[in-house]
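I would like the entire structure built from these sequences, with the hints used as guidance.
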Amino acid sequence: MLAKLESYGIDGPILDWHKMFLKQRSMRVLVDGENSDSVGVASGVPQGTVLGPLLFLCHINDLPETVKSQDHQLLQNDLASLEEWAEKWGMRFNAKKCYVMSVNNKSSHFYKLDNHILQQVQQNPYLGVIISDDLRWSAHIAKTVKKANSTLGFLRRNLRHCPKDGRKQAYIGLIRSLLEYASIVWDPYLIKDINALERVQRQAVRFISGDYTSREEGSIRRLMNELKLPTLENRRRHSRLTFLYKVAGELVPAIPQE
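By UniProt numbering, the letter at position 144 of the sequence shown is numbered 144, and the numbering carries on one by one without gaps.
Honestly, I wouldn't trust all of these hints.
[What the hints assert, rightly or not] Dumping the calculated SDA-like pairs for lysine to any residue here, alpha-carbon to alpha-carbon at most 20 Å:
#, residue 1, residue 2
1, K168, R222
2, K112, Q76
3, K96, Q120
4, K97, K146
[Unchecked claim] Using C-beta positions, here's what the derived DEER-type ranges look like:
#, residue 1, residue 2, range
5, G153, N195, 13 to 23 Å
6, P125, K192, 16 to 26 Å
7, L241, G52, 27 to 37 Å
8, N195, V39, 27 to 37 Å
9, H116, S219, 49 to 59 Å
10, S108, G173, 12 to 22 Å
11, I184, Q47, 24 to 34 Å
12, F243, G12, 35 to 45 Å
Hints were generated in silico from the structure; no laboratory data involved. Cβ coordinates follow ideal geometry from the N, Cα and C atoms, glycine included.
Dropping the structure here:
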């Protein structure tokens with residue numbers, strides 16, 4: 001880690017401070033109230049620290065330079081290069097947690113990492129978003145809706161006697177935030193997916209207002225207006241436009257250039 005920092009031009013007192021921060025660290029394991037012996041940590045980045053995520057990004061910053069190919073055989077060579085990179089910098093890839101996903105109709109190829117054949121999958125989560133090989137978002141939306149409905153059921157059981165404002169804040173913080181996580185990326189275009197998301201909010205609106213009798217479209221919209229809850233579709237559209245405005249105006253962090 002210190003060698004990486006030096007290669008990025010960090011020196012002097014700042015580098016000395018990082019040396020003090022990283023050196024002479026140890027770790028131990030606690031199981032059933034029993035502690036293991038302490039073991040020195042000679043490499044890696046301390047987890048649970050403020051600097052940890054930034055130092056990890058610095059540590060893997062040159063990793064993309066290792067993978068540059070598109071041909072399947074060359075990609076296998078790149079995996080071998082990744083193994084060499086990991087060995088050089090004291091890291092280790094968990095091959096059992098690495099997968100292959102093909103987004104075309106061509107026959108898939110087998111790839112190995114650390115002599116382990118990587119499993120081929122049709123979908124896989126990445127930073128909390130499920131990516132499918134058909135590049136559609138129905139699987140992610142279905143899982144999100146299922147989790148949101150489960151959370152709504154929990155709120156119904158535990159906040160029955162809570163004031164309306166409290167139920168609304170619980171919905172916004174625990175359910176709507178879930179329904180909108182990374183929605184700029186996966187904003188659906190299929191009506192069935194749009195309706196599935198809106199259905200969760202409509203059920204939440206009935207829970208917040210305590211009105212389970214209003215089933216007509218106009219009645220639900222009236223309740224949403226009273227609670228000042230716009231449709232999720234409109235909120236996603238607003239988020240996309242806001243993000244594009246920031247990109248066009250260079251108001252978002254730039255991608256670091258060499």
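- request: For I184 and Q47, compare the CB-CB distance with the range 24 to 34 Å and indicate the outcome.
  value: 29 Å, holds
message: Does the beta carbon distance between N195 and V39 stay inside 27 to 37 Å, or does it fall outside?
response: 54 Å, violated
- request: Note whether the CB distance of S108 and G173 lies within 12 to 22 Å or breaks it.
  value: 42 Å, violated
- prompt: Does 16 to 26 Å hold as the CB distance between P125 and K192, or does it fail?
  reply: 21 Å, holds
Outcome for the supplied range 13 to 23 Å, where the beta carbon pair is G153 and N195: 20 Å, holds
query: Per the hint of 49 to 59 Å, is the separation of the Cβ atoms of H116 and S219 within bounds?
result: 57 Å, holds
query: Keeping to a limit of 20 Å between CA atoms, is the pair of K112 and Q76 held or broken?
result: With a Cα-Cα distance of about 7 Å, the restraint between K112 and Q76 holds, given a limit of 20 Å.
message: Would the hint linking K97 and K146 be met if the CA-CA limit is 20 Å?
response: 24 Å, violated
query: Measuring from beta carbon to beta carbon, are F243 and G12 in 35 to 45 Å?
result: 38 Å, holds
task: Given the range 27 to 37 Å, decide if the beta-carbon distance of L241 to G52 lies inside it.
output: Taking Cβ atoms as reference, L241 and G52 lie about 34 Å apart, which means the hint holds.
query: Under the criterion that the straight-line Cα-Cα distance not exceed 20 Å, is the pair K168, R222 satisfied?
result: 16 Å, holds
- prompt: Has the given pair, K96 with Q120, been kept, meaning a C-alpha gap of at most 20 Å?
  reply: 11 Å, holds
When each numbered hint is compared with the structure, violations occur for hints 4, 8 and 10.
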